Each structure stands twice: as C-alpha cells, then as structure tokens.
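For the sequence shown, the positions run 1369 to 1510 when the numbering used here is used.
Derived from the structure by calculation, the hints contain no laboratory data.
Quick caveat, the model's predicted, so the values are computed rather than measured.
Don't take each hint at face value.
What the hints assert, rightly or not - Result set (DSS-like, lysine-lysine): computed pairs, CA atoms no more than 27 angstroms apart in a straight line:
| hint | residue 1 | residue 2 |
| --- | --- | --- |
| 1 | K1483 | K1440 |
| 2 | K1506 | K1440 |
| 3 | K1456 | K1398 |
| 4 | K1499 | K1372 |
| 5 | K1372 | K1485 |
| 6 | K1483 | K1372 |
| 7 | K1456 | K1485 |
| 8 | K1372 | K1398 |
| 9 | K1456 | K1440 |
| 10 | K1506 | K1483 |
| 11 | K1499 | K1440 |
| 12 | K1372 | K1506 |
| 13 | K1440 | K1485 |
| 14 | K1485 | K1506 |
| 15 | K1506 | K1398 |
| 16 | K1483 | K1456 |
| 17 | K1499 | K1485 |
| 18 | K1440 | K1398 |
What the hints assert, rightly or not - So the derived label-pair ranges between C-beta atoms look like this:
| hint | residue 1 | residue 2 | range |
| --- | --- | --- | --- |
| 19 | I1463 | D1443 | 12 to 22 angstroms |
| 20 | W1470 | G1427 | 46 to 56 angstroms |
| 21 | S1441 | L1391 | 43 to 53 angstroms |
| 22 | E1509 | A1392 | 50 to 60 angstroms |
| 23 | A1406 | W1457 | 46 to 56 angstroms |
| 24 | I1403 | S1445 | 19 to 29 angstroms |
Every residue gets a Cβ at the ideal spot worked out from N, C-alpha and C, and that includes glycine.
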Amino acid sequence: MDYKHTQIGIAILAIMGTSALVLAYASIAKPEEPIGFAFVIVGIIAILFCSLTITVGEGQIRWFFGPGFWCKSLDYSQIQSARIITTKWYYGLGIRLLSTGWLYNVSGSNAVELKLKDGTTVSLGTNEPEKLLAAIEKVLES
1369 MDYKHTQIGI AILAIMGTSA LVLAYASIAK PEEPIGFAFV IVGIIAILFC SLTITVGEGQ
1429 IRWFFGPGFW CKSLDYSQIQ SARIITTKWY YGLGIRLLST GWLYNVSGSN AVELKLKDGT
1489 TVSLGTNEPE KLLAAIEKVL ES
C-alpha cells in the first residue's frame, strides 16, 4: 500500500450532532410527536458519512465512506492527470455530481481532482492533498 488516509468528517458530525440536539429538544418540547424515526435517520447518516478513507496501492485508487459504505475505485490506467483543487463551500458534503464530475468529501474544501482518460473527473476531498497527490503521481510515473 503506497498511501492510506482516513479523514474524519468533522463537518458532517457537527451537522448531525446539531440535528440530534434539535431533535432532542423537540422531543422534550412536544413529547407527543413521534421523533424516534428522525433520530434513526440522523444516526445512520452520521455512521455512513463519518469519515472518508482513500488508499493508493495494488494498481488502483480506492475510497469509501465510514465503515465501507459506497466503496469506489479507479485503476491507474484510467487516470490521465491529477491536481489539487479547492472546492466551493456550496458544493456541500458527501457524494455530489457537479458539472465538472463527481465529488466525494466529508469536510473542508481541499480535494485532489483526477482527470480520467474518458474525459470525466473525480474529485476526492482530503485534509492531506499534497500527500495524496504525491502518492498518485508516484504510481502514475511508474
């Protein structure tokens, strides 16, 4: 394995924590309202998107959220180039289809954009963009 990093999704966890507090207050303020289902949804989202793990090795770049949710990979042979980008705040968090291609992130605005040979792009959010880019460039050169 040339590179492996897990970024904790502080932004997503903060949003889900705030949502849980609002739901807790709502359940106290209006105990007759069924709020349990909303707690379950918030909990599931927090678990699924609590982190983003990216690995570079064994002929591919692989990434997944939380405990292995939405696992994706690209063979090195599919990648034309890679570069560091800064995403816009309004692109949001999680899995996004943008006009430029797919974005996967859990926190922050740094990402490594992979331009694929078929013309599409995949951007991977990370708090270690320089290290990720160096690992990708190393395997693309070999």
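Against the structure, the hints come out as follows:
Using a Cα cut-off of 27 angstroms, the hinted pair K1483 and K1440 holds, with the two alpha carbons roughly 16 angstroms apart. For a cut-off of 27 angstroms, the pair hint linking K1506 to K1440 stands: about 21 angstroms separates their Cα positions. At most 27 angstroms may separate the alpha-carbon atoms for a hinted pair to count; K1456 and K1398 exceed this at roughly 38 angstroms. With a C-alpha separation of about 10 angstroms, the suggested pair K1499 and K1372 falls inside the 27 angstroms cut-off, and the hint holds.
Straight-line distance between C-alpha atoms of K1372 and K1485 comes to about 24 angstroms, which keeps the hinted pair within the 27 angstroms bound. With a C-alpha separation of about 20 angstroms, the suggested pairing of K1483 with K1372 holds against the 27 angstroms cut-off. As the CA atoms of K1456 and K1485 are separated by approximately 25 angstroms, the hinted pair is consistent with the 27 angstroms bound. The straight-line distance between the Cα atoms of K1372 and K1398 is roughly 46 angstroms, outside the 27 angstroms bound, and the hint therefore fails.
Using a Cα cut-off of 27 angstroms, the hinted pair K1456 and K1440 holds, with the two alpha carbons roughly 23 angstroms apart. For the hint pairing K1506 with K1483, the CA-to-CA distance comes to about 16 angstroms; that is within 27 angstroms, so the pair holds. Between K1499 and K1440 the alpha-carbon distance is near 20 angstroms, which keeps this suggested pair within the 27 angstroms criterion. Proximity of K1372 to K1506 is assessed by CA-CA distance (about 14 angstroms); at most 27 angstroms being required, the pair is judged to hold.
For the hint pairing K1440 with K1485, the CA-to-CA distance comes to about 17 angstroms; that is within 27 angstroms, so the pair holds. The suggested pairing of K1485 with K1506 holds, with an alpha-carbon distance near 18 angstroms, which does not exceed 27 angstroms. Taking the CA atoms of K1506 and K1398, the gap is near 57 angstroms; set against the 27 angstroms cutoff, the hint is violated. Restraint check for K1483 and K1456: satisfied, since their Cα atoms lie roughly 18 angstroms apart, inside the 27 angstroms limit.
A hinted pair counts as satisfied when its Cα atoms are at most 27 angstroms apart, and K1499 with K1485 qualifies at roughly 23 angstroms. For the proposed pair K1440 and K1398, the alpha carbon gap of about 42 angstroms is over 27 angstroms, so the pair is violated. Between I1463 and D1443 the CB atoms are about 20 angstroms apart, so this pair conforms to the stated range of 12 to 22 angstroms. Between W1470 and G1427, the C-beta spacing of about 21 angstroms breaks the proposed range 46 to 56 angstroms.
For S1441 and L1391, the Cβ-Cβ distance of about 36 angstroms falls outside the hinted range of 43 to 53 angstroms, so the restraint is violated. Restraint check, E1509 to A1392: a C-beta distance of roughly 52 angstroms satisfies the suggested window 50 to 60 angstroms. The supplied range of 46 to 56 angstroms is broken by A1406 and W1457, whose beta-carbon atoms lie about 26 angstroms from each other. Taking the beta carbon of each, I1403 and S1445 are about 50 angstroms apart, not inside 19 to 29 angstroms as hinted.
Hints 3, 8, 15, 18, 20, 21, 23 and 24 from the list above are not met by this structure, while the remaining hints are.
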